[in-house]
Every structure is written in C-alpha cells, then in structure tokens.
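A.B. asks: Sequence:
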Amino acid sequence: MITTAADVGDFAERHGLTVAVAESLTGGNLAAALAAAPDSAQWFRGGVVAYSVTVKQSVLGVPDVPVVSETAALAMAEGVRALTDADIAAATTGVGGPGDQDGEPAGSVWCAVATRDTSWAVHRNFDGEPEQVLEQSVQCALEMLRESEKRFTG
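For the sequence shown, the positions run 277 to 430 when my numbering is used.
These are computed hints drawn from the structure, not numbers from a lab.
Treat the numbers as computed from the prediction; the structure is a model and nothing was measured.
Among the hints, a few may not be true.
Computed spacing ranges between beta-carbons, pair by pair [unchecked claim]:
1. 303 to 337: 18 to 24 Å
2. 334 to 406: 22 to 28 Å
3. 330 to 292: 34 to 40 Å
4. 337 to 405: 28 to 34 Å
5. 403 to 317: 31 to 37 Å
6. 328 to 405: 32 to 38 Å
Note that beta-carbon positions come from the ideal geometry of N, C-alpha and C, so glycine has one too.
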C-alpha cells in the first residue's frame, strides 16, 4: 500500500496534479496512506470522510440513491474533486461487514476516480474480515489513482 501511494505521488508530481479523496467505508485510511507518501504536501489536497448518508448527500452531492452503488461512488469522487479543486479524486463506498447492508453483501465495494474531464468506477467483491475488506478497498482506490496516469499521458 505504501508503495502504491508513493507511485500516486510520483505521478502527481510529474504531471503537476493535485489529488483528493472521499471515503465512506475506508474511514480516512485512504487519506492516511496518501498523506504518508513522500512530498504529499505538494500534491495531496485532503479528503472528506462521509460515513453517513446525510454527509454524503449534503457535502459531496450524492443523490438519493443506495450509497453502495456506482452512482454514489462517482458522485463522491466528483464532489470532493470539485470541493477541493483537485485535478483528480478517488472515492470508496461499500460494505465492510460482517453482515449485509442495504441488500448488499459484506465485501461489496465501489471505488471511483474523477478528473476534471471524466470519471469511472469499478465494483469489487472482497473476501475477509472487515479490516481486510477495508485494506483491499484502500488498495483498490490507490491502484485506480495510479492507473489513471494513462489518462493524462495518452
């Protein structure tokens, strides 16, 4: 995870980009991973931990949809990107477990990335205890941020 966060920082610095995050399920762990990367003060804008539906809707602009959904994840990424004026933002929302939530099974996670021009999301079904689902979700978002470099370099 530390290596992936450092890779995100390297790519952000090479391209003069800023990064932000919106987190639900990961509860600030994604922001912590990015903040621990070298020179993060140069490129990391910060993040919003929006655990409640009310905060997701009022702060990040999530519409009245299930919060464990592609629509919610995309709205979270786009909302925090706009809120922080970052060039690129990632978001995580899902069910850590141990039980189901809103009809979604434990381990059901959406990760999303938004840039100034486009946004995309992926759905994953992670196995394990809640801590393992959280860790895999952070890794998913970091990998999406790292892979997004291709969108900036063609």
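A.B. asks: Against this structure, judge whether each hint is valid.
C.D. replies: Hint by hint, here is what the structure shows:
For residue 303 paired with residue 337, a C-beta distance near 20 Å keeps the hint of 18 to 24 Å intact. At roughly 26 Å, the beta-carbon separation of residue 334 and residue 406 lies within the given 22 to 28 Å, and the hint holds. For the pair residue 330 and residue 292, the beta carbons lie near 35 Å from each other, so the given range of 34 to 40 Å is met. Take residue 337 and residue 405: their Cβ atoms lie about 32 Å apart, and the range 28 to 34 Å holds.
Between residue 403 and residue 317 the C-beta distance comes to about 36 Å, which sits within the given range of 31 to 37 Å. Taking the beta carbon of each, residue 328 and residue 405 are about 23 Å apart, not inside 32 to 38 Å as hinted.
The structure does not agree with numbered hint 6 stated previously, though it agrees with all others.
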